[in-house]
Amino acid sequence: MMNQTAYQHRLNPPRVHGISLIAVLFILIVLGGLAAVMAQMGATQHAGYLLSQQGKQAYYAARSGLEWLRHQTLENGECPAVSTVVISGFDLTLTCEEVVETEDTDTLKIFHLGSHAQKSAGPFGMISRETRVSVWLRSS
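For the record, in the sequence shown the residue sitting at position 18 is 18 according to my numbering, with numbers rising by one throughout.
Hints are computed from structural coordinates only; laboratory data are not their basis. Everything numeric in this text was worked out from a predicted model, so none of it was measured. Just so you know, not all the hints are guaranteed correct.
Here are the simulated distance ranges between beta carbons [said to hold, decoys possible]:
hint : residue 1 : residue 2 : range
1    : G125      : Y60       : 14 to 22 Å
2    : W136      : A39       : 19 to 27 Å
3    : T102      : V133      : 19 to 27 Å
4    : P80       : T102      : 54 to 62 Å
5    : G89       : V37       : 30 to 38 Å
Even for Gly, the Cβ is constructed at its ideal location relative to N, Cα and C.
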């Protein structure tokens with residue numbers, strides 16, 4: 001029975017066991033790894049987006065504190081007494097420094113204003129932003 005014809009060979013193919021199982025397992029492992037990497041990338045991207053949003057909130061909280069400080073300074077002509085405020089969960093530290101300069105007969109008041117917003121109870125740790133501005137008032 002050594003010499004089989006092609007027809008007989010097709011009727012009784014040689015038995016190969018397990019090769020397709022190895023290929024299927026390899027494909028499943030590769031696809032599982034790709035799915036895990038894609039899930040990790042999605043989670044990282046989502047965390048970056050949330051961190052960016054909290055940074056924007058901190059910036060606008062600091063900016064609003066600075067605008068309030070500027071308004072109070074221009075309205076009263078001197079630094080206001082408030083130094084800390086809480087806005088939307090952000091602790092604002094407001095600073096004002098007054099410098100008086102004299103040029104000829106004019107007296108200039110220069111106010112260096114600063115606002116620092118900080119939030120420490122977040123899912124990503126501490127978020128903080130700082131804004132500064134200088135305001136000049138001229139009095140004769």
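Each hint, compared with the structure:
no.: 1; hint: G125 x Y60: 14 to 22 Å; verdict: holds, 20 Å
no.: 2; hint: W136 x A39: 19 to 27 Å; verdict: violated, 55 Å
no.: 3; hint: T102 x V133: 19 to 27 Å; verdict: holds, 23 Å
no.: 4; hint: P80 x T102: 54 to 62 Å; verdict: violated, 24 Å
no.: 5; hint: G89 x V37: 30 to 38 Å; verdict: holds, 35 Å
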